[in-house]
Amino acid sequence: MFEPSSGSQVHDFNGTILPSGLFWTTQVPDSALTIEEGAVRLHLENVGVVDNTFLGGPGQTFSLVNIDVTWSPFGEEQHFRPGSSVPTDPTNFAGRFRFANAVATLSGFQSGFSFSSTDASSAGVFAEVGREGNGIFVNSDD
Numbered sequence: 082m083f084e085p086s087s088g089s090q091v092h093d094f095n096g097t098i099l100p101s102g103l104f105w106t107t108q109v110p111d112s113a114l115t116i117e118e119g120a121v122r123l124h125l126e127n128v129g130v131v132d133n134t135f136l137g138g139p140g141q142t143f144s145l146v147n148i149d150v151t152w153s154p155f156g157e158e159q160h161f162r163p164g165s166s167v168p169t170d171p172t173n174f175a176g177r178f179r180f181a182n183a184v185a186t187l188s189g190f191q192s193g194f195s196f197s198s199t200d201a202s203s204a205g206v207f208a209e210v211g212r213e214g215n216g217i218f219v220n221s222d223d
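All residue numbers for the sequence shown refer to the numbering used here, where the first residue is 82 and numbers rise by one.
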């Protein structure tokens with residue numbers, strides 16, 4: 082989150098930086114992702130994150146966030162086949178994808194601060210759902 086007039090960062094909610102150096106990610110339970118009647122939903126409650134109030138500096142505060150995103154696919158399924166058999170080649174992937182509309186809400190809280198969004202939609206922008214395999218997990222039948 083940024084101050085509207087100055088562009089100064091006020092809040093930045095992220096998973097912690099793992100010992101491996103992986104960042105901007107948080108492991109979620111398998112049960113958080115569901116597929117029903119073609120729609121895909123990610124629903125998370127009280128996920129522990131760190132709020133970095135100053136990019137790259139001090140001021141990290143433990144926070145909790147709630148995330149709810151539903152993707153509703155539409156249109157024809159698109160098929161992609163591997164362009165290479167070399168596991169490290171970026172064209173070595175296969176998948177099936179459909180365009181989608183996504184609707185999301187986000188809320189968060191920490192000591193002395195909370196926020197919540199209204200439903201936001203990807204209509205007119207871009208979203209898609211699908212299944213993909215890459216590298217050693219590529220399956221040309223996908």
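Please note that the accuracy of each hint is not assured.
[Said to hold, decoys possible] Pair by pair, the computed Cβ-Cβ distance ranges are:
1) Ser165 to Glu118: 10 to 20 Å
2) Glu157 to Gly216: 37 to 47 Å
3) Ser89 to Gly164: 22 to 32 Å
4) Ala120 to Phe218: 19 to 29 Å
5) Asp170 to Phe104: 38 to 48 Å
6) Phe196 to Val109: 16 to 26 Å
7) Gly119 to Asp200: 34 to 44 Å
Keep in mind the hints are simulated off the structure, nothing from the lab.
Each residue gets a CB set at the ideal place from its N, CA and C atoms; glycine is no exception.
Structure versus earlier hints - violations, ascending order:
When the structure is compared with the hints, numbers 1, 2, 3, 5, 7 turn out to be violated.
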